[in-house]
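Trainee: One-letter residues, chain by chain:
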Amino acid sequence: MRFPSPVSLTWMAELINAELIGNTSGMATGINEIHRVEEGDLAFVDHPKYYEKCLQSAASFIIINNRDVTIPEGKALLVVDNPFQSYTTIVNHFRPFVPATTSISESAVIGDDSYIAPNVFIGHHVRIGRNCRIHPNVTILDHCIIGDNVIIQSGTVIGSDAFYYNTKKDRESWYKRMLSCGAVRIEDDVEIGAGCTIDRGVTSETIIGSGTRIDNLVHIGHDTVIGKNCLFAAQVGIAGATVIEDGVILWGQVGVSKTLTVGKNAVLLAQSGVKSSLEGGKIYFGSPAEEASQKKRELVWIKRIPEIWQKLKSDQSGR
Amino acid sequence: MRFPSPVSLTWMAELINAELIGNTSGMATGINEIHRVEEGDLAFVDHPKYYEKCLQSAASFIIINNRDVTIPEGKALLVVDNPFQSYTTIVNHFRPFVPATTSISESAVIGDDSYIAPNVFIGHHVRIGRNCRIHPNVTILDHCIIGDNVIIQSGTVIGSDAFYYNTKKDRESWYKRMLSCGAVRIEDDVEIGAGCTIDRGVTSETIIGSGTRIDNLVHIGHDTVIGKNCLFAAQVGIAGATVIEDGVILWGQVGVSKTLTVGKNAVLLAQSGVKSSLEGGKIYFGSPAEEASQKKRELVWIKRIPEIWQKLKSDQSGR
Amino acid sequence: MRFPSPVSLTWMAELINAELIGNTSGMATGINEIHRVEEGDLAFVDHPKYYEKCLQSAASFIIINNRDVTIPEGKALLVVDNPFQSYTTIVNHFRPFVPATTSISESAVIGDDSYIAPNVFIGHHVRIGRNCRIHPNVTILDHCIIGDNVIIQSGTVIGSDAFYYNTKKDRESWYKRMLSCGAVRIEDDVEIGAGCTIDRGVTSETIIGSGTRIDNLVHIGHDTVIGKNCLFAAQVGIAGATVIEDGVILWGQVGVSKTLTVGKNAVLLAQSGVKSSLEGGKIYFGSPAEEASQKKRELVWIKRIPEIWQKLKSDQSGR
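Heads up: the sequence lines are chains A, B and C, in that order.
Residue numbers for the first sequence follow full-length UniProt numbering, beginning at 1 and rising by one.
Residue numbers for the second sequence follow full-length UniProt numbering, beginning at 1 and rising by one.
Residue numbers for the third sequence follow full-length UniProt numbering, beginning at 1 and rising by one.
Next up, chain A with everything else stripped away, as it sits in the complex (with noise of 0.2 Å):
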């Protein structure tokens, strides 16, 4: 998440009530989770085994519950003790939640030739743009953005937050979820079915690549981006922060997991799970999916097992 202005350190450390250390002089662009920082970002950890890599991402200053860490060139820590429920004071100050009046917010922009049903639910500075066909009961929530030419059928969701949870604690405690700022941007010519559900970014953004198709019932998770022209087929499920590259195909009841890459025109069968990375170009199957033809062989494998056995068997008897 940007702040709409870049904020000082002195006034963020005395919003989170942090000791701040350091280049005590910068200024805050904007708070982002680690795998999305930029330049000017905050960003924070809590566990000693993340503590490097935080420290040597792209984020200028880092929110931390450890004082005695070797603090990089220009950076700079604010030390609290709870550096998530500072997190969730940051996201509070600067995207409040606000209680939607009317179904279609005055804050929202709506481009021309853009058709917007009835029953449609349309939140605080949403922007949609130009010849959009929005049918009815879809609900866009505050913040996504919508390009030219899209078209979103009945009953899906755009922009829900994200399911994202700090399980750190032990199993007898309360999940805490991780409050989402981030948004759905969806390019233009993309084409989305009827009762999807796309989630927004914990605080950057789910992207939707242009000239992407999507059936009925998909659902894809937080911070995913999905390339350009992309096929995906009925009740398809993306979990969080996985990369879909152009041109890839999931066919239907596809599962993806999470924070992984499914390469350039990759096409999963049907029912297939993806639980690690895949190169693109190619055709897979199974769950967990393999290449089709190595997993179409281990099929006719397995049926030639009681043969096998017979083989076994009848070696013995003859021997």
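Keep in mind the hints are simulated off the structure, nothing from the lab.
It is possible that some hints are incorrect.
Same chains, same label: a pair holds when it works inside one copy or across any pair of copies.
In the PhoX-like style, the derived pairs of lysine-lysine whose C-alpha atoms are separated by at most 20 Å in a straight line are [as the list claims (entries may be wrong)]: (1) Lys295 to Lys228; (2) Lys275 to Lys296; (3) Lys296 to Lys75; (4) Lys49 to Lys275; (5) Lys176 to Lys313; (6) Lys176 to Lys228; (7) Lys264 to Lys303; (8) Lys275 to Lys258; (9) Lys311 to Lys75; (10) Lys313 to Lys303; (11) Lys49 to Lys282; (12) Lys295 to Lys275; (13) Lys275 to Lys303; (14) Lys282 to Lys264; (15) Lys264 to Lys75; (16) Lys264 to Lys228; (17) Lys296 to Lys282; (18) Lys176 to Lys275; (19) Lys53 to Lys264; (20) Lys275 to Lys53; (21) Lys282 to Lys228; (22) Lys176 to Lys296; (23) Lys295 to Lys75; (24) Lys49 to Lys264.
The model shown is predicted, which means the values in this text are computed figures rather than measured ones.
Got chain A sorted already, so can you dock chains B and C onto it with the hints?
Mentor: What follows is chains B and C alone, placed relative to chain A:
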């Protein structure tokens, strides 16, 4: 279903045109399915195979299509030709369909600091606790109960009717729907994603335990009881009358069959299918699901079949 | 799609700027895809591979990008550079997009004793029979037809546009959507769960046969024909132009591919995947689906691979 107040058996016998035998002076306090009956309840049975189970259950009063059974001490029979039809008559009497005339029923009770977004439907006698967020285009149907601090994201449906049919008749005839007079109870601090569907109990309650987090496009069937602090990823489906104990994690697209139990803290890896009860505290994978470590060894063994085949052939030629 | 009244070929040729050859005095009664054409219909073809199939079909009039083909007796060609574009022109002329201005169109016809809940959208020219229950937040789009005694639960979308693209162009270019001018026809006594999506036919009808029961979050593709008294559990997905015959049972999360037939009274166990036609009267399991008894034996054989391996090793060492 509890009746608003206890009902005399003689009145009930008149309502459904039944012959009353046994403890005719009793008062019925409700009607329930055989799995959920308590003392004071009516239950019904129409197949000889289940007569004894029903007669020996906690139900005090049995609607039955046979007068020649032994009546347990203190119980009563209501003998009719079609017990299933009698059930329908009773439900229609005590819980008649009441059309909604406004999006939010005047009989709904909504707690302090709860946000109800535009385009939400809230049915008759719904109760919502304090500090909840009900996002746009959510549907909460009659008699459902929502605790405190509950989040329900857009497009989700709470309290749809059970998918539960009397299928004893031959396949050519229509399935007969068993009317739903139960509800959904969502405990405190539950978070439910977008596009989910949670069916009401047939006569009792579907329950989501406190602290449980549910991602998008998840289906939960009638009378299913979910424990506390569970985590269900997107597109999980759980059939009716199943028990998911505390702390269970179901990853994406997992399916769970009906009337079984998944033990405490069990973890089901993505796309697994559960067709019978599973012990808690273990990690499972596959369809049907097995312990993940065993299933993974199995996948390795499958890849060795060609090697086994080669070995067998070389043994023969080398003999 | 039927035209409102028969249209002279000369008028049609002018609309799409075509050269007219053959029986130029004909009257076209509608336009349909090659699989659904009837006498009097226009059809279109743009690939030499399909020229003969289209010319020999029931279609009377062929929109084609080649004038040097043999015209069957009594038929006519409409020769254009881009038949796909001509199809789009015709659909836009006869079934132009008409924005909805109210939640329930004034042109919709709703039968006696039918209940339409709040927050429902009903499009232009929809017809709903008697004694139906349309629950809150349902969307029924233009031209769809609903029989008598039909129940549609909350959040369900009837008549979303087909997921059907012209993909002949190279993968880098955008997929071209084939406009949907068909509809959905739901016969009497059908019950549809919550959060389902049923796409309209591209030029013809998607049909749900009488007495069929459908659970929640089920997807049914364009032009698919479902028989009578079928039972589909939650999260089933059926692709386009497929035939499911009477009495078929699909358990939870089953996926069925496009343009195939599942025979009468077939049963598919949960999570099965159907990729080619299946005979009726049998029970199937797996992805790809096989007869369940055979599939179960196969699962047992897989578990015996380690035993086979041991046997093979002990044979060698014992020789």
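Trainee: Which numbered conditions among the earlier hints are violated in the structure presented, ordered from lowest to highest?
Mentor: 1, 3, 4, 5, 7, 9, 11, 15, 18, 19, 20, 22, 23 and 24
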